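Novice: One letter stands for each residue in the lines below.
4 protein chains.
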Amino acid sequence: MGELERLADRMREFAQARDWERFHTPKNLAMALAGEVGELVAEFQWLTPAESSTLDEEATARVRAELGDVTAYLVRLADLLGVDLVRAAHDKLDESERRYDPGLYRGSARKAPPL
Amino acid sequence: MGELERLADRMREFAQARDWERFHTPKNLAMALAGEVGELVAEFQWLTPAESSTLDEEATARVRAELGDVTAYLVRLADLLGVDLVRAAHDKLDESERRYDPGLYRGSARKAPPL
Amino acid sequence: MGELERLADRMREFAQARDWERFHTPKNLAMALAGEVGELVAEFQWLTPAESSTLDEEATARVRAELGDVTAYLVRLADLLGVDLVRAAHDKLDESERRYDPGLYRGSARKAPPL
Amino acid sequence: MGELERLADRMREFAQARDWERFHTPKNLAMALAGEVGELVAEFQWLTPAESSTLDEEATARVRAELGDVTAYLVRLADLLGVDLVRAAHDKLDESERRYDPGLYRGSARKAPPL
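Protein chains in written order, with the UniProt record's numbering: chain A, 1 to 115; chain B, 1 to 115; chain C, 1 to 115; chain D, 1 to 115.
Hints may contain errors.
Okay, the calculated bits of chain C under chain D, using three or more residues with CB under 8 Å as the criterion [to be verified]:
1) 7-19
2) 22-29
3) 37-44
4) 53-60
5) 67-74
6) 88-100
Partial list, derived from the structure: chain C residues whose beta carbon lies under 7 Å from chain D [claimed, not checked]:
7) 49
8) 78
9) 103
10) 106
Derived by calculation from the structure, the hints in this document are not laboratory data. A quick note: this is a predicted structure, and the numbers were derived from the prediction, not measured. C-beta: ideal position from N, C-alpha, C; glycine also.
Please take these sequences and the hints and turn them into a complete structure.
Specialist: Now the structure itself:
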């Protein structure tokens with residue numbers, strides 16, 4: 001069993017044990033994801049790009065906690081919708097690789113990197 | 001190699017091949033994540049909770065694409081910060097399991113489910 | 001002087017008095033806005049649509065505080081970019097009114113309301 | 001009548017004319033706000049802080065459009081909840097001015113500026 005499947009199972013059991021499944025509609029989970037990503041963004045909002053790349057231990061721990069929350073909700077939402085997250089990410093990368101030919105886009109400061 | 005590691009490697013190569021690493025600071029990636037989660041939320045914003053659980057094929061495909069983008073940026077950000085996303089999620093679940101004893105919280109409509 | 005201008009002035013003085021203007025780049029303020037909207041969304045994430053329309057005093061106070069933060073950052077960002085928020089909103093409404101003719105869209109459950 | 005009130009009235013009439021009020025629950029409007037703020041953030045995600053302060057005409061127009069959408073939904077949400085946005089922002093500023101004494105916080109690089 002893949003690591004994401006195991007995490008999805010654990011999220012499901014966590015919700016069932018507390019009779020919280022009715023709160024876990026895709027609509028609500030998308031909101032929970034937005035809330036947690038908001039907390040993640042707040043960790044970086046006043047930092048310079050360079051500072052964001054050199055977080056101290058305390059800041060890294062806080063960011064790690066937010067990333068944990070984001071991942072948990074993302075996996076739970078995908079599980080309810082029957083979406084394979086990694087497959088979906090690879091499919092988007094396939095598109096992006098087709099659309100952004102390295103020969104044309106390499107080093108181009110003008111064209112901002114999409115995914 | 002785990003599936004998330006493979007995805008992280010592919011994201012890294014994608015960025016390197018186009019000389020886009022300088023755009024991928026944690027600050028920028030957190031923003032990209034917020035942008036994609038915004039697109040995901042928009043897919044559900046006018047739906048009722050029940051409609052969000054019964055998406056048709058077209059809507060599911062659109063949501064799947066957004067989930068793919070969210071996953072790609074999340075994995076890229078975690079890779080740059082040296083964070084193991086699944087480990088971080090399990091750690092947050094450990095905390096939540098301790099804090100929300102099923103015996104006390106089961107079926108409780110008053111206490112909304114946090115993570 | 002309009003109420004938004006007065007608020008923008010107060011935000012500017014608040015930042016200047018603490019020598020915090022260098023933190024208030026549009027990039028950072030957009031992130032701060034995302035962080036605060038995340039907190040706002042979190043207030044509603046586990047509520048049913050009906051519950052969200054009938055908040056008790058405590059919940060209304062919390063939501064009001066988040067709306068205050070969102071407004072403050074929105075006004076500050078617009079001030080730095082020289083954007084008239086109300087004018088911009090009216091212009092978007094003009095577009096939407098042209099695009100979504102009431103005769104065609106009234107009561108239509110199929111077409112979700114965009115702005 | 002203040003400019004925000006006039007905008008709120010216009011938003012209300014826009015929704016009523018199309019029979020879209022049932023979509024405008026506070027829960028849904030908070031999501032719509034998150035979606036639009038996500039689009040705003042995406043305009044800045046690959047820019048350096050300096051670039052974000054020197055947007056060209058085209059970029060400014062796009063950002064202005066997103067700010068218009070954000071403002072429209074914010075005003076609509078506040079109207080439904082009976083919240084005076086500007087009053088709420090001033091109240092948060094009162095708190096922040098008390099908490100962050102300029103004498104103590106001026107020029108401090110260590111303490112990131114909260115609101």
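Novice: Run every hint past the structure and note whether it holds.
Specialist: Checked hints:
{"no.": "1", "hint": "7-19", "in the structure": "holds (count 8)"}
{"no.": "2", "hint": "22-29", "in the structure": "holds (count 6)"}
{"no.": "3", "hint": "37-44", "in the structure": "holds (count 6)"}
{"no.": "4", "hint": "53-60", "in the structure": "holds (count 3)"}
{"no.": "5", "hint": "67-74", "in the structure": "holds (count 8)"}
{"no.": "6", "hint": "88-100", "in the structure": "holds (count 9)"}
{"no.": "7", "hint": "49", "in the structure": "4 Å, holds"}
{"no.": "8", "hint": "78", "in the structure": "6 Å, holds"}
{"no.": "9", "hint": "103", "in the structure": "10 Å, violated"}
{"no.": "10", "hint": "106", "in the structure": "5 Å, holds"}
Consistency note: the structure conflicts with earlier hint 9 alone.
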